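> One-letter residues, chain by chain:
Number of protein chains: 2
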Amino acid sequence: MFEERVPISVSEAVQRVMQYTKKGKIEYIDIEEARGRYLGEAVYADHNIPPFDRTPLDGFAIRSEDTSNASSNRPVHLEVIETVGAGNMVKQPVKPGQAVRVMTGTIMPEDCDAIAMFELTKEFDKDGKTWIEIKRSFKKGDFVSFEGEETKKGERLLDAGTFIHAGVVAVLATFGYNKVPVVKKPVIGIYATGTELLEVEEELVPGKIRNSNAYMIKTQVQQAGANAVYYGQLVDDFDHCYHAVENALDQVDALITTGGVSVGDFDYLPEIYQKLGANVLFNKIAMRPGSVTTVAEKEGKMFFGLSGNPSACFVGFELYTKPWIKTYLHSPKPYLECVKGTLTHDFPKPNPFTRFIRGKIGFNRGIVTSSPVGMDKSQVVTSLAHSDVLIALPGGSRGYKKGDEVDMLLLFREGTSEPFKDPTKLRKTENR
Amino acid sequence: MFEERVPISVSEAVQRVMQYTKKGKIEYIDIEEARGRYLGEAVYADHNIPPFDRTPLDGFAIRSEDTSNASSNRPVHLEVIETVGAGNMVKQPVKPGQAVRVMTGTIMPEDCDAIAMFELTKEFDKDGKTWIEIKRSFKKGDFVSFEGEETKKGERLLDAGTFIHAGVVAVLATFGYNKVPVVKKPVIGIYATGTELLEVEEELVPGKIRNSNAYMIKTQVQQAGANAVYYGQLVDDFDHCYHAVENALDQVDALITTGGVSVGDFDYLPEIYQKLGANVLFNKIAMRPGSVTTVAEKEGKMFFGLSGNPSACFVGFELYTKPWIKTYLHSPKPYLECVKGTLTHDFPKPNPFTRFIRGKIGFNRGIVTSSPVGMDKSQVVTSLAHSDVLIALPGGSRGYKKGDEVDMLLLFREGTSEPFKDPTKLRKTENR
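So the protein sequences, as listed, match chains A and U.
Here the first sequence is numbered in the UniProt record's numbering, starting from 1 and rising by one per residue.
Here the second sequence is numbered in the UniProt record's numbering, starting from 1 and rising by one per residue.
Extracted from the complex, chain A is given alone in its bound form:
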């Protein structure tokens, strides 16, 4: 009934999970559907940017030699033979003594080699023709944007595993990716366990609570870039549970269970893993909350047995499941980024274990700050709504003071290639 559980460190647990990553296949989707997906291949420039010599501003394309002797005292007059907008080409040769009015982005007329912006010219009409006066000399190339000066054809622009947001879409569109190679989303199944659970639409009854974890985890899975399938609740019957898990395995890349992994009487998961022949990577971690998080693996499919406690469930997903999903999505930055911050409040409660506290990052005149959110009750679900970091506190015999420097894991950033390291010691900093 009480199976032996040997706790390992968080970083060791992460490392064990990451031994079983795999990378998803590629599919091509319309650029208009690409937002929020991950690039399946690196993207290269298929042409130079600018793609041709062009004018970067509104002005006149001129032959620089015409202005070689121009000055305030000796202005030159050039005949404006045509006006050309971006997307159009000059229709006639530009001869010595002539100029072309050009708009931003216009291809350079072949006979011209410099741009005189409007501010440096004076336009006038004479004999039914338009002229400009120029009072300075221009050199070949002045104010011209040259082909390839921003980006050379063949240049690597974006890596595989890049998360696709607006700036990435701009690059894809510029280089003609109307179909975008993205990674197929992994399918992550979710089962809730716990006879105390009601579905969200059910009325509360004594002894029961609503099943918030399944909805939360489903959203976390989607936020990580995967497809989530909620299979409902497992009921309190071994054979039922076993067959439910076995059947789900055929349909998913990974299966998350929430609840039922506490040291309780009604936890069938260890027995299910055993009967399936799954390889249990660990079943206890030296962390709070979530010490009884269990991860197992069978033939490349993962089982993430997360706690039924909402905070522990949330933390377990972020630490162990998310890096696995992001690696599947080819991301080279699967881990939560860890940054230092200065505590804005005392956090007096000591704990012998590494802890993950819900918190908010702040910025105070260039200094990163860290504020715990709500109480440190692992059941407090409401503070999850207000957190954007997990504060990682090393275990120890004392609490923490305002001004102490702590580690924070950023929940809403792109991520990092650096795996999580357990915080081991506290560096005291002056109060700022």
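It is worth saying that the hints were derived from the structure and are not from the lab.
In this text, all values refer to a predicted model and were calculated from it rather than measured experimentally.
Take these hints with a grain of salt, some might be off.
Treat identical chains as interchangeable: a pair holds within one or across any two.
[Said to hold, decoys possible] Pairs of lysine-lysine residues, derived as DSS-like cross-links and limited to a Cα-Cα distance of at most 25 Å, are as follows:
id, residue 1, residue 2
1, K340, K360
2, K333, K360
3, K152, K360
4, K349, K140
5, K340, K402
6, K152, K140
7, K91, K122
8, K349, K139
9, K152, K349
10, K140, K91
11, K284, K122
12, K152, K284
13, K129, K95
14, K301, K275
15, K126, K95
Since the structure of chain A is provided, determine the placement of chain U on it from the hints.
The following block gives chain U in isolation, referenced to the frame of chain A:
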């Protein structure tokens, strides 16, 4: 042809746009569809959390009076009459000298008033019954989670305008919001203008470039939480443009145009605004890039005339359009959050105007850093893919040095209620 344009400051431009905000209506959607939407109403607790007195850990529910004289020398023995899991109720009265084995989350048996965790007890069998030994005294309430101690019924949990992510979903599920009141998304139309533009699937031809702005802006609109409708390109004909804009107005809450707002020959937009009787809020801003950004308004519908230059277009959206959209979505934090950071590199090019440079925020042992991304060519689209901030540099006659403190607008954060203030002076900081 060259209309008069009087530049205003960025903060003044933002303020003028925000005089014409409106708030969207509410619709109810399934909790499983709520991710990424904005709450249309505040959310209150419909019940206490915990909803009943319960056990926060695995252990034994006891009558504390039974242990009042217990010590190492005088242990007490209690008979374990039943085992109860979360979601179930004890089936019989618990009499003096008796205890109940309970799992985490179990409702407290009515006759018990304290929890003795497993670690503080020793279990043994005698006479066919199960007993525990306890060597310390417990007080009434010890280790019990009391009803309402985390959250009281009626407490305000989430504000209207809250962006819905996994932690918010957890709260909504806990409190039974299977239908969630969210703000209806505004519809934002998009027209691209510019005869130099090819669609993304077209082959490049001399003098033309691909239309990246429309796809980028569409994605920015979606990221801001609105629906985007791309109407295609406006062609170079006044009547066509006028009718296209007029028709689109009936279908949208705001209309974005990109391109065609430079001081060029082929820009019909000022004339279109005039013929529509729209109120032009401004048509020139003292900023780079994007100085010719134009915003107009007619009967509550907005026209955002953004530059054709990709960076200027991107910046114009983030500064002017996004706060309008987020206010529509009831967000109390519509503006980009501005934080200080220390430049990691020299940025030598001076410019008389307020500039917005694509950059990355970094964290170096608790200090916020700021790194420009790519060159400061306003056409450089590729650097948009790698930026997570806009560095806001005040205009001036000199460039900036490594170690200078600069303002950064965070592109991927929740936002702030503080409107943008033009950076006016540079605070020199020591190099760190």
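> Go through the copies and call it for K126 and K95: within, between, both or neither, with a Cα cutoff of 25 Å.
within (19 Å within a copy, 113 Å between copies)
> What label fits K152 with K360 when the C-alpha limit is 25 Å: within, between, both, or neither?
between (42 Å within a copy, 23 Å between copies)
> Which holds for K301 with K275 at a C-alpha limit of 25 Å: within a copy, between copies, both or neither?
within (15 Å within a copy, 63 Å between copies)
> When no copy is named, should K340 and K402 be tagged within, between, both, or neither for a Cα gap of at most 25 Å?
The answer is both: 14 Å in one copy and 22 Å across copies each meet 25 Å.
> Since the copies are identical, ignore which copy is meant and state whether K333 and K360 lie within 25 Å (CA to CA) inside a copy, between copies, both or neither.
Cα proximity of K333 and K360: in one copy and across copies (22 Å, 16 Å).
> Between K152 and K140, at a C-alpha cutoff of 25 Å, which is it: within one copy, between copies, both, or neither?
within (22 Å within a copy, 76 Å between copies)
> When no copy is specified for K349 and K140, does a C-alpha distance of 25 Å or less occur within a copy, between copies, both, or neither?
between (72 Å within a copy, 23 Å between copies)
> Could you figure out if K129 and K95 sit no more than 25 Å apart (CA to CA) within one copy, between two copies, both or neither?
within (15 Å within a copy, 111 Å between copies)
> As a check of your reading, is K340 near K360 (CA-CA no more than 25 Å) within one copy, between copies, both or neither?
both (12 Å within a copy, 17 Å between copies)
> Tell me, please, which holds for K152 and K349 at an alpha-carbon limit of 25 Å: within, between, both or neither?
So K152 and K349 pass the 25 Å test across copies only (23 Å; inside, 57 Å).
> Between copies, within a copy, both or neither: which fits K91 and K122 at Cα up to 25 Å?
within (24 Å within a copy, 98 Å between copies)
> Up to 25 Å between alpha-carbons, please classify K284 paired with K122: within, between, both or neither.
between (79 Å within a copy, 22 Å between copies)
In terms of the numbered hints stated before, the structure departs from hint 12 and from no other.
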